[in-house]
Every structure is written in C-alpha cells, then in structure tokens.
Amino acid sequence: MNYRRISHAAMSGVALASLALVMSSVAANAETYHYVTARNPDSPVIKALMDVVAEFKETHPDFDITLENIAGRPAYLQKIKILATSGELPEIFDADAEPYYEDIVEAGLTANIGEIFDEIGITDKFIPFALDYERFDDGSLWLIPWEANVEYFYYHKDMFEKAGVQPPATLDEFLEVCTTLGETGVTPISVAGKEGWPMYRYLSMPSWRMMGNEFLDKLKVGEISMNSEAGLADARFFQDLGANCFQEGFASADYTTALNMFLSSQSAIYYVGTWELHSLLDENKELKDDIGYFKMPIIDENDATSPDDFYAHSGLGTAIRADAATDEMKEFLAFLADRFGTISHHEYGGLPSLKIEVTDEMPQIYKDVLADMEAIGEYARVWDVKLDAATVDTLFRQSQLLGLGEITPEQFAEEIDRSVQQYLSSR
Amino acid sequence: MRKNQLLGTPSWAGWLFVAPALLMFTAVVMVPIVWSSYLSLGVWNGLGKWRFNAGANYLSMLSDTVFRHALLNSLFFSLVGSLIQLIVGMAMAVSLISIARFRNIVRVPYFLPAVISSVAISQIFVQLLSADPEGFINGSLRSIGLGEHTQPFLSNTSLTLTIVTLVDAYKFCAIYMAIFYSALVSLDQDVLAAAEIDGANRLQQLFLIRLPLIWATIAASVVLVVSGTLRGFDIPFVMTGGGPGTSSELVSTYMYKTLFSQSNFGYGSAIAIFLVVECLLIVAIIRKAFSATEKTG
Amino acid sequence: MLSRHKLTAWLPTVLVAIFLVIQIFPIVWVISASLQTPEALARGPSNRLIPDTLYFGNYVRAFETSPLLQYLLNSTIIAVLTIGLTILLAAPAAYAIEKLRFNGSQIVLNYFLLGLMIPVFVALLPIFQSLGFLGIRNSYWAVVLPQVGFQLPVAIYLYASFFRSIPNELLEAASIDGAGVFRTFWSVAVPLSINATITIVVYNFIFIWNEFVFANTFLTSDALKTLPVGLNDFVSDMGRRDYGATYAAIVVSVLPTVALYLFLNRRIIDSMTAGAVRG
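Protein chains in written order, with our numbering: chain Y, 1 to 427; chain P, 428 to 724; chain H, 725 to 1003.
It should be emphasised that the hints constitute simulated quantities derived from the structure, not laboratory data. None of the values given here were measured: they were computed from a predicted structure. Idealized CB from N, CA, C, for every residue including glycine. Any given hint could be a false lead.
To be verified - Here are some chain H residues pointing at chain P (derived, C-beta under 10 Å):
{"hint": "1", "residue": "Pro-769"}
{"hint": "2", "residue": "Tyr-779"}
{"hint": "3", "residue": "Pro-850"}
{"hint": "4", "residue": "Ser-854"}
{"hint": "5", "residue": "Gly-856"}
{"hint": "6", "residue": "Val-872"}
{"hint": "7", "residue": "Pro-952"}
{"hint": "8", "residue": "Tyr-967"}
To be verified - To list a few chain Y residues with every Cβ distance to chain H over 10 Å, as calculated:
{"hint": "9", "residue": "Asp-42"}
{"hint": "10", "residue": "Thr-180"}
{"hint": "11", "residue": "Thr-184"}
{"hint": "12", "residue": "Glu-214"}
{"hint": "13", "residue": "Lys-220"}
{"hint": "14", "residue": "Ser-264"}
{"hint": "15", "residue": "Gly-292"}
{"hint": "16", "residue": "Phe-332"}
{"hint": "17", "residue": "Ile-343"}
{"hint": "18", "residue": "Glu-406"}
{"hint": "19", "residue": "Thr-408"}
{"hint": "20", "residue": "Arg-427"}
Assemble the whole structure, with the sequences as input and the hints as a guide.
Shown next, in the form of structure tokens:
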C-alpha cells in the first residue's frame, strides 16, 4: 500500500464520516427536569435525592430529574455562567446565596423557594439555620438547602496527650496548644490553603467572637475597616497561625492533602464541617477512638457570641428556574420534604437540612452533633459567600501572603478595604 | 514578488480552495474576538444589560496591581519558557540525530510528557514537589545530602513562577524536538558529506551548516512557541491557581478568573483583547527580526 | 586527540540517555504510584519509582467510578474527526495560498495567523450560542468544530511552509499533461505532502487529545465526556480527590497513545526522513 492510497483513503474516509454522522438533539420532555450540579453523583445528597425521585415516580411516572455532574468548583462555575449568560440556565442548578446569584434572582430567572415552601407548608420541616444560611440579607429565600453542617476542630487525642495539652477553650490557648504541639515535633494543623475557604474560617474567628456577624455585615458595605481592632485581630491571629501552626507549604495544599495528613496522623488538628464526618468514623459509625473534637474557642466572657455559637451552614444550595416551578414540581418538593431527611440520614449517613428524629440506636456522635445544632443561637456567616467575588479573590491572595508572613496585617487590611471600596463604587 | 505561483490558474480556483477553511476559521475564531472587543468597551455581568463605559476597562488595567504582576509574570513565562523549549528541543533533536541506533525506539518515550494531559502533568508535579508530607523531590534532596535545600516549593513566592514555567516547558519541548528533528533529518546528505570532507567537525557542521539550512523552520517554531506560551494557562492554573498571592498569576489565568469567577465580562474581555494585541505585537517583532536576518544571512 | 574524539562520539548518546530518563520520569512515577494502596497514598505522595506493592485496586476503582473505556472511545472519535477535518480544510487552503496565487492570498495567510494569538476563552460564549443555534450542542461536533477552528492556523502555517518548498515545475508538469487544478492538487500535491501531514497530525493530536475547556463547556451528557474531563470523576463535592484512582486513570489514558505512537513510529520516521516542515 503506498502513501498516495493511504492519504486518499484517509481523506475520503473522513469526508464520508463527517457527512454520515448526523446529529440529533434530544427533545426535552416537559416533565423531565435537567439538574446541573456541582455535587458528586456518589454524595449522600444526590443519592438520597435520586432515591426520592424514584419513589415519586411510582405515582408520577412522567416525572424525572436528569443529572449532569460537573466536578470541581471552577469548572462548575464556568459552565453555569456560560449557561446563564446564554439565557439557558437548566431547570435545576446549584448556587450559593452570593452576590452573583443575587443578580440571577434580580433578573427574575429563578423561583422564590421561600414562598413555595410556605405555600406547600414545609418551611417548618427544615432546621432553621439551614434555611437561614441560604437566605439573602433581606431575608428572602431562593435556594433549597440540603445539608446541615456544623464545623469543628478535630484532633488526635494521643498527640494531645503526648504534648500534655488539653483542647483549648480560648483562642489564646489555641495558639499555645499549637506551639506546644509543634515543640513535640508534630505538625499542629493541616489546612488546605489552596482552597481558600479553610483559610477564611480561621481568619474570621477573632472578629466573630468580638462582634458576631456585625463585623462581616459592616465590612461588606464599607462601614467598618479591616484596619479596625477586630479586623487587625483577625489578621494577626492568622499570621500567627501561619508562622507557628500550619503545615509547611500550607498555601499550596489542596483539600485532599490536608485531610489525608490528619487522617494518617501527620497533623494533630484539622478543621472541617460535618460533611466530612464519614471519614472520621469507625465501622460502628462512631467517631474513631483516637479522635476528639472541640468547638470554635472563645476570646473571653465578654465576647459578643456565645461558646455554643459557631460556624453552621447548609452548604451549596439548589435553585429552580422560574418556569420550572410547576405544580408538579411543588408536589415533588412536598414529597421531598417528607422523605429526603430520613433517606439521606438512614441510608447514606448524611446530616440533612430537614429535621430528623433522634432515636436511641443513633450513634452517639450524631446525637451530639444534632444537640449542638439545637443549641446554636446565632451561627457565623461565611465570608466567601457574603463578599463579592472580586474581594474574595483579593482575600484569597492576601490571606496566603499573610499566612506566609510576606505582608503585614496592616498591608493585608489595606488590600481588603481597597477591594471592598472598589466593589461598592462600581455598584 | 513571489515567484512560486503556478501558471494559468484562474483566480476563482484559489478562493474556492481557501473558502471552507476561511469560513470555519472566521466563524469559530474571528467572530468571537470581534464580539469580545465589543464587550470590552462596557460593563456586563452576563445577565443584565451591557452598559457602555468608553474604555474605562482599559484604563483600570493601568491601575490594577494584580494585572501588572500578571503581565510581568507572563512575559517571564513566555521568554524563559520559549527559550527552554527551543534550546532543549534542539538539543534533543541534535543528540537524537547523532546516535546511530535506537533512534526510532527513543522517540516514543521522548514524547511521553507531551501526551500526558496538562491537568495530569500538573497533578503529578504537585505531588513530586510536596513538602509536608514530603514528596519525591524534597525526599531526594535530603537523601543526597542537600537537606538544607528542601522546602515547600509551591508555597515559596519567589519560586512558583519559575516552577510553573519549567513544568510547562518540560511538557511541550518534545514538540519542538519533533519539528527540528524532522527538518534536520530531511537535510540533503550530500551537502553534509561535502562539509565532512572539508574537515568541519561536528559542532562546526551543526552551527555553520545544519542550523542555517533549517533557519526557516526555526523561525516558524519561534512564532509557534511564543504565541503558545503567551497564552499558557492549564499548568499554572492547576498547579498553583496563580498563587500564592500573585506570584504565578499569568494574564491568561487572571482573565479566566475575571470572566468566570467574578463574572466581569467587560473587564475580562478587555484583558483578552490586550492579550491578543500583545501577542500580535511580539510575534510581528519576531517575524520582522527573522526576515531581516534572512535577508542579510 | 583520541580521547576528545571519543568524547564527541559519546556525547550524543549520553545526552539521549539523560533526556530519556527525564522524559519517562513522570510516567514511571505515576505507574508506581497507581500500584500503591490508598493507605500508603494517604500517608503522603509516593516517593518510589519501583512500586513496593502491586495493588490493582486503584484500577478496579477507576473503572468502577468512571466509564473510562467510553471516555477513551469519545476522545478517539473526537481526535479523529478533528484532525481529519482540520487537514481536509487546511491542506487545500495552504495549497491555494502558496501555489494558486490569487489577489490577497498573502493577506489571507496573515489573517489565519491571527488565530495563533487568540485565547480560547474569549470564544466560549459566542461558540456556545452558535452551537445551540445550529442544534449540535451535546454532540461530538460541539467539540470538533471549535477545535478545528483553533487548530487551522497552525495546520495552515505548517502546510504553507511545506508547499512553498515544492518546486512549481513538478505541479506545472501535471497541468501541462492536461490535469485541472483539482486533479493536480489531488494527485500530485496531496501525495507529496504526506510527510507534512504526519507532522501536523502529531502536533495537533497532542493538543486535541488533552483538550479540556471545550469538552467541559459544550458537552453535557456523561456519555460524551472525554478523558481529560473524566479525570474529574474522582473528585468529591468538597474537592476530595481519589488519588489512587486518578493515577490509574492517567496511566489508562496515556497507554493507548503510547501504543499508537509505537505503532506509527516506523511510518513517522520514514516519512519524516523525507522531509516535513521546511521554510
């Protein structure tokens, strides 16, 4: 076979193939809802949701939800923004109650979940903070919450014992514990500095204890400076952590690396929400023997927030496109409110946004977590959801530099303030 | 001016041959860029109305410190990356051509970094460079007695840019190896044989005879590598996300964040247009330089 | 003198050996890492080049979590269509620019070269909308057509340099024999350009095989996903990655290309010897 023939055959073949492959676009069924999600198909939320869909289909055979999973937050955001900009948002998609989603709501693109929940009478079935977390500042609700998470510091008991330290009650003690742990040769804390949010949680703790959510609420609208007492307390605390507590190279560590360090006993403390609880349990669904946990430490008894108040939220919420909030969808949501909580918890070990009954056979750790949720008065708002995206980008860069000791707390404060001002003036 | 065209070809035939490619290219590549230049002149979050703001986006680039860092980083990334890819690519090609046996077998592994996806290469290097827990590179440094050089490479703001530049160059240098290799192999053996008889040694042969003969290929490669590195994205984006701080932010990664995480389509498009113009200018200068050397040489 | 001669004789071999080690290093590392247990991988990045365990569970998990063979098939179909179409469009265009001189052919070439400067992200939104308009979103074409557009400049650039080097007499001889423009192109220029074609295929394949952005944006059904997009199947909601399965998937995605290159190797070398990119 000579080249000439190969080349001709190849070219003709491709030409034919190009012509022969006829494209078909599947016509959308009116009762099939397309759900573009950032959640993994194996996550408790999606598994439980699809189980509920399957049950609902027994009485509503035409109803269906098709899943499209886009893993990795940047890839998901890129996709959803392309869809939104083209005016082709899917019937169901995930979002946080952040400024960009506010724009989507203002454009009238999604359904008012709060009104729907009231209309079909399921609002009371949800854990209040789980609903509140998805609300905008004006109190309106445009997202369905799925989870109820609280965030703890988990620690290795044997490492604490070896260093002769106790779980800290105050933030000062917390820094001392870190230093003492470091002296025994262990890495005190592993943190995923590449992800952003774990850094912001640490960063925000002093100001939240001093002023509660007032600090973030005011920072966001430029009424308080990061260069204030509370703001600088945050920056100094974070810089101390970066210098004495975080693992070497924390700024480039991803979620998996930081978590694995803790799970394989290479770091003593790890801060995470209860969505990751399953990784910390033994075969009896109890917390592993070696692992303990404590809540966000306080500063002192003059704090604005109580020791029982800390970070609690419902994670990524889900929006329904305005025209997809049909009667059938409402019927489904009512059905969901009855079934989702139970299935999510009992089948997949999740902590759902719906109230679930505390039973005797429930593992102790779940009972404790649910009790903690019950005790929460005010919960801490999440910075990367409340602030605008450009400020979050600045926060991300500057937190890394602050933690690495490359800028001073004052420089950090100046950058954050400038970014907030820029956003406010562009509005 | 060009002596190279065929006689007696009707002009419409040329257009007919070029039309399909022209249409496809215009629709896919040129229409979007025109659309972007329009977007770049206003404010748009992708949802509401586009609002004209008369070049304010371009003005804000001047005062944007992140953009300034990204631009300097990008120039470094492109200059150093291009040089490494061309020099290493050439060294690979020349050494390959100089060995008598196993050439064919060696070529396949040479290509391995190029066929592994950028995302995968980045993840592999992130693991290799890890500090705590210790990765391969820090571990090796320690075991050969260079323990004092172990460090968190990707958290060191003075190293990250160099690292992403090296990894990017590493991934793509085999491509230029292939291009140079095929050009070198196709050189007229008689000319080389004559040179050998003249007593030119290997190095002289290389620099005085072989390289000038493939000068046009080198020029073409320079254009490809520079335009490629100026738009470099995947490896810095996956390895460091542009950080820590702005230490490894490139114009392209910053543009991506502005467009898709900040939904600032006006400013993002302005950065994109800047990138296109920057690239055009640099490539025009390179082509000018090469055509000048071609005339004098 | 003698030792110096020996040195220059050995230098290329030594260099080739060094390059070889450097080039195969990451794949050796990732193969070794893919054979370690999840427990070992959780303790930290693999520091071994020769695996101490031969644990195949990562591969089992990779295939269970993710339809890798389907992705492999999708990637292959997309690569074949994209490369085929690129060549089908680029070869005649470059031929016309270099050999069928027409008014403005040099401008056309420069116009195509503009494409080398344009970042793909600016095109996402308009292309997405046009694909919707054409009704071909969520088909292989949704990834193939945009990629062809972006690969055309390089292909035309390389083809043009090649055609420039073919003497006109060769082509004119054919037309004197009575062959028309199309016949001359098809039966003289195309067979001559097989070498340039292979270089272009090799060059473009690397970019097409690894393409992520278009595939992630324009394809919505799992059944059409490509390998680079599929690597994200091993990431959970909050960003936890199954590294063992990821490494296994990387190995699985690289092996077919290596096999292909090994298979084509003979061909590529033979043809490249005859000449490829000339100025």
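Which of the listed hints are broken here? 2, 5, 9, 14
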